[in-house]
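Student: Now for the letters of each chain:
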Amino acid sequence: MSACLYRDSYQRVFLCCFKDLSVNDGLETEFNGFSVPLEHSFEVDDVAKFQLRGSLVLKTGREPSVSLNQNQLSEEDRTKLKEVAAVDGLYRIRVPRVFLQADKQTEWQTDGHLTAFVRACAMVESHLSDVITLHTDVSGYLIAVSIVTFPGACRGTEVEDEVDLEVFNTTLSIMAPVNAPGPETALFIQRMEQEFEKKGKNPQEQKSFFAKYWMYIVPLVLFLMMSGAQDQSGGGGGGGGNGGGR
Amino acid sequence: MAKLILLLLKCILLCGTVYAVFEDQVGKFDWRQQYVGKVRFCHFDAHMQSSKKVLLATESNVFAALNTRTGEVLWRHVDKTGPEGNIDAFLQNGQDAVLVVGNGRFLRSWETNIGGLNWEAVLDSGSFQSACLIGQQGTVKNVAVLKKTAISLHYLSNGHQKWIENLPDSDTVDYQTVYSGGNSEVYVLGVVPHSHIAIVAFSGDDGEILQQSSVEAPWLSSIPESCQMVDQDLLICVDSTTMSLYTLDLKLQLQLNQIPLQSLELEVDPDFRPSLVSHQPNPAKQPRSEFFLQLAPDHYVLLQFNNGQLVVLRDFKPALLVSFATTGEKTVAAVMSPKNKTASSINLFNAETGRRLLDTTLIFTMDPNGGKPEKLNVQAFLKKDDSVGYRVMVQTKDHTLTFLQQPGRVLWTREEALSDVLTMEMVDLPLTGTQAELEGEFGKKTAIQDGLMSMVFKRLSSQLILLQAWVAHLWKLFYDARKPRSQVKNDISMENLSRDEFNLQKMMVMVTASGKLFGIDSKTGGILWKHYLENIPSNAAFKLMVQRTTAHFPHPPQCTLLIKDKDTGLASLHVFNPIYGKMSHVSPPALPQPILQSLMLPFMDQDYAKVLLLIDDQYKVSAFPSTKYVLQQLQEMASSIFFFLVDSNQGRLSGYRLRTDLSTEQIWEVALPTETQKIVSVKGKKPNEHVHSQGRVMGDRSVLYKYLNPNLLAVVTESTDLHQERSFVGIILIDGVTGRIIHEAVQRKARGPVHVVHSENWVVYEYWSTKSRRNEFSVIELYEGMELYNSTAFSSLDRPLVPQVLQQSYIFPSSISTMEATLTEKGITSRHLLIGLPSGGILSLPKMFLDPRRPEMASEQSREENLIPYAPELMIRTEWFVNYNQTVSRVRGIYTAPSGLESTCLVVAYGLDIYHTRVYPSKQFDVLKDDYDYMLISSVLLALFFATMISKRLAEVKLLNRAWR
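From first to last, the protein sequence lines stand for chains A and B. Those letters in the first sequence? Residues 8 to 253, by the working numbering. Those letters in the second sequence? Residues 324 to 1288, by the working numbering.
Bound conformation, chain A alone:
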């Protein structure tokens, strides 16, 4: 793998495309990739001064993937990070804005950076275990970078062992937007049809209301009719009392 990165005085990053042809079990897989710098900054006075932390190797194409080559923290940086953590400073990272589609990245001029931050104390207390996520948009532009540490809290625990702050334990991922679902009409119609079929198979269900409950309805009607007839026949004699009750 090779990646080249030049930087001129105008903060311009030229990205070089490379092709890596690897022959693997007779299958030729071709992938395009390029690398961009991942920079970080942590200063006691909180004025951002970005330095190279590592390089992100981005594999473009239909399913972009990303890997990270990063350096260890130097002795000097370790003490500085602890100092920054002590004053509750910020640990920032940044990546240039790039386009992840294969056709455009040759000498793609970046017009700015994407930045994110985490509290320096969280960085120290988590022993440099951070989760960096790169977000792209629909067309493959890098739109955001985010960093969190795990655990994320600052509890004020002292990190004695310098070795813990030497190597980054980074989980890296690249996220494209998910497709939001539309209304699921097809499934709904299918379900309705299934239910209709079920009903077709079960003739018991298909009976009408009257057919199902005739045994209750007929006696009820009969009863009503009988009581009505009684009412009328007795209307002459006990009508007064009966009527009063109703």
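Derived by calculation from the structure, the hints in this document are not laboratory data. Please note that a few of the clues may not be correct.
[Said to hold, decoys possible] For the chain B half of the interface with chain A, some residues (derived, Cβ under 7 Å), not all of them:
#	residue
1	990
2	992
3	994
4	995
5	999
6	1062
7	1063
8	1064
9	1067
10	1069
11	1101
12	1120
13	1121
14	1123
15	1133
16	1134
All C-beta atoms, glycine included, are put in the ideal place defined by N, C-alpha and C.
Mind docking chain B on chain A? Use the hints.
Tutor: Below, chain B alone, put in the same frame as chain A:
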């Protein structure tokens, strides 16, 4: 089918919250006010002597008739918004009103009595210039419409085209006016700027060109601005550079006749563009030979053409406004002249002689909180003794219509500024005087030092005041009870303004586009105060914030209005008391720099006013109020104050943190490529929103915790590519503090306009699906999962886990105008979405139907949870309309506010109309019903009480008897 019906029934049963008003509740908790907008054309219905109508065509594309006795809308036609419905011209002839609409696209004739449409004619395309009625032998039969390249004549009876003629040399000549003096000739006047006037005379019968000529006029650039028609086909123009009047006889068309103003001993105010006002009472007859010449903003002269000679009839100085009016054969001129600072007098003058008519003075008292008068519309009528009487409708700069009659009695006023409400807030009313007295007694810290005796006296005195108030209240009750119910006035005035038991009555503070602020009582809709802010830029953006509520007696409540010029970004603050509308004595800071962002901090200064931070374009922060205490607090809290900026032009979202020296530092940045998508809206959550329940109880009794991030922003983007296959709507949920993207989704084959509601742990948005050609709703809900990460406090800086995201979409059968969610005091009540439909309905859609956890198939567990099985279509049920038949035209926004009752949410929908109501998303679970039987309950209680007494007595007797035995 039966299954479907069963399913539907199930839905209805499950949802349970059927919402409707009873017939006798109509208008009890709700009110609506209808407006027409800023008046552009106004005609009094003069075809009948006893007419009580004024016809208005407005800049809001509304054509309406008002009752001149009451000011109420008799009928109203609301056309399309924007240039499509723009009313270009309004001509009135007898009972018919002819309108030219949509840059000359439509010609419509309305019957003015009932507001019915007589006919409508679609005209050829072409930009509209002018229109006029064409009379012949005393009757008006045709209407002429002048376009850029053609003139057409239409019959007034049916709108059919009589003839259409192309205009000669229309590529060089700018035709601007059409005129007819009662004979069948139609004159079209055009101008070649700074060169000559072109005159084309058409025959009204067949459109034949009778005459065509051009007259040198190198000083003229626009005919409607500087010329008028007077007398017998005489064109009269005024030019400020040569200080002269020019006359031109259209019949002879020889040359312009110059009359220097000096020869009339008149002088134009320097830097003022003089103008003319003439009058043609009947389109079938010649215009009057009298006209007004305005020489200065407050200087008018009445001139007359008398046998070819120009005569000065009368000089009016100072005069603010003038207007002609005709009744019968009499034409009068009304002149408004300032009397003192607050009042103006209007007088009538005989147009022919310039003599003042006796007993025609009318005093117009100007509202100190209103704008200056802008236009005078006079309705003249003949009295029984044949003298002229009149009423006037005065239009003022703040879009108010005031209708007056002699000697200055205001019949009605209409605040048409309210047709364009931009933003509003609801503020709690203050406590009553007595309540405040009590508060004051114990609220003051100094009271403790006063000693025991004085405290006792204070106590006694306040108790006495309470007793007095109570007696007064009882007396009023007793007094009112004797009067018939209809006579009992519950007028709300400033004096008796106080909070009710359940805080249902509030003060609505409305900010309108004209720059006029209103304080409206939410119970009755009455305007309690108004304040006109002058010098508001036309493209101003407003942000209204409540800095101090009424809860901090004796400090008055305080609202701050941020007014920002959209072009320059320069802003100013207006600080006022929302209850009385008075400007606060607190002087707002001057803001010399353009303002990018403002934010209200949750902490207060020592006077209980929330601190407002303003970020200028140098990313410097200024605080208001900026006392020492506040600055000290800010320094302490600086590291935990974050804010974000959105630059939609560059697609950039960036986060900043406050430093102790009140400068800022950028801490995160997200950039969306502007080539593919643009940010259309960014929605945060309401700061006053409460969420009662941290999670949802599932069917198996476990809890699914909600992801309740108060800093979450919903960013909506739309694709720049509008092709129906490639267009999309993007929705990005981003944490406003860390800039971390929580969720990013894209709705493909979708297009805006997108309406978003963001609340609790959910985001609901509506878009247009280009693939299926329908409106769709989508809901995103965020859950932390089965356990909370840190249950004690939420911090954006310490939430490493990404929440679970659930999403579901539905079909909605209508497009929508606006959307808002209900809001209640404690957030216990279930939520509804209030959706303003273009049809004028306000739909209260239960959030339950927009729940991504709605299952495909109903299972035991989902039934336990009360989840409705998924159905792709959301139905509009008529009982969900909260405004029953009270249509709200052009709803632009819905404002919701909690009341003191948990079950009740106050809703205000504003657009062209204003509608206020209460909604009860979970029914009135905390209120006894109206028909609650107090008698029964109390009689049962009493009966039980006596029964126990009696049985006790009986038991005692029995015990005694047993003891004797």
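Student: Each hint needs a verdict: does it hold in this structure or not?
Tutor: Hint check:
A distance limit of 7 Å between C-beta atoms decides the matter here; for residue 990/B the minimum to chain A is near 5 Å, and the interface restraint holds. For residue 992/B, the interface hint holds, the least distance from its beta-carbon to any beta-carbon of chain A being 5 Å, beneath 7 Å. This hint holds: residue 994/B has a C-beta 6 Å from the nearest C-beta of chain A, less than the 7 Å allowed. Satisfaction of the interface hint for residue 995/B is found here, the shortest Cβ-Cβ separation to chain A being roughly 5 Å, below the 7 Å cut-off.
Among the interface hints, the one on residue 999/B holds; its C-beta lies about 5 Å from the nearest C-beta in chain A, closer than the 7 Å criterion. The beta carbon of residue 1062/B is positioned within 7 Å of a beta carbon in chain A (closest approach about 6 Å), and the interface hint is therefore held. For residue 1063/B, the interface hint holds, the least distance from its beta-carbon to any beta-carbon of chain A being 4 Å, beneath 7 Å. The criterion of a C-beta within 7 Å of any C-beta in chain A is met by residue 1064/B, whose closest approach is roughly 5 Å, and the hint holds.
Given hint, residue 1067/B at the interface with chain A, holds; its Cβ is 4 Å from that chain's nearest Cβ, closer than 7 Å. Interface restraint check: residue 1069/B against chain A, minimum CB-CB distance 4 Å, threshold 7 Å, status holds. Interface hint status for residue 1101/B: upheld, as the beta-carbon distance to the closest one in chain A is roughly 6 Å, under 7 Å. With a least beta-carbon distance of about 6 Å to chain A, the hint placing residue 1120/B at the interface is held under the 7 Å criterion.
Evaluation of the residue 1121/B hint against chain A yields a held restraint, the C-beta minimum of about 4 Å falling below 7 Å. Hint on residue 1123/B holds. Least Cβ distance to chain A is approximately 4 Å, under the 7 Å limit. For residue 1133/B, the interface hint holds, since its Cβ comes within 7 Å of a Cβ in chain A; the closest pair sits about 5 Å apart. The interface hint given for residue 1134/B is met, as the beta carbon of that residue sits about 5 Å from the closest beta carbon of chain A, less than 7 Å.
Violated hints: none; the structure is consistent with every hint.
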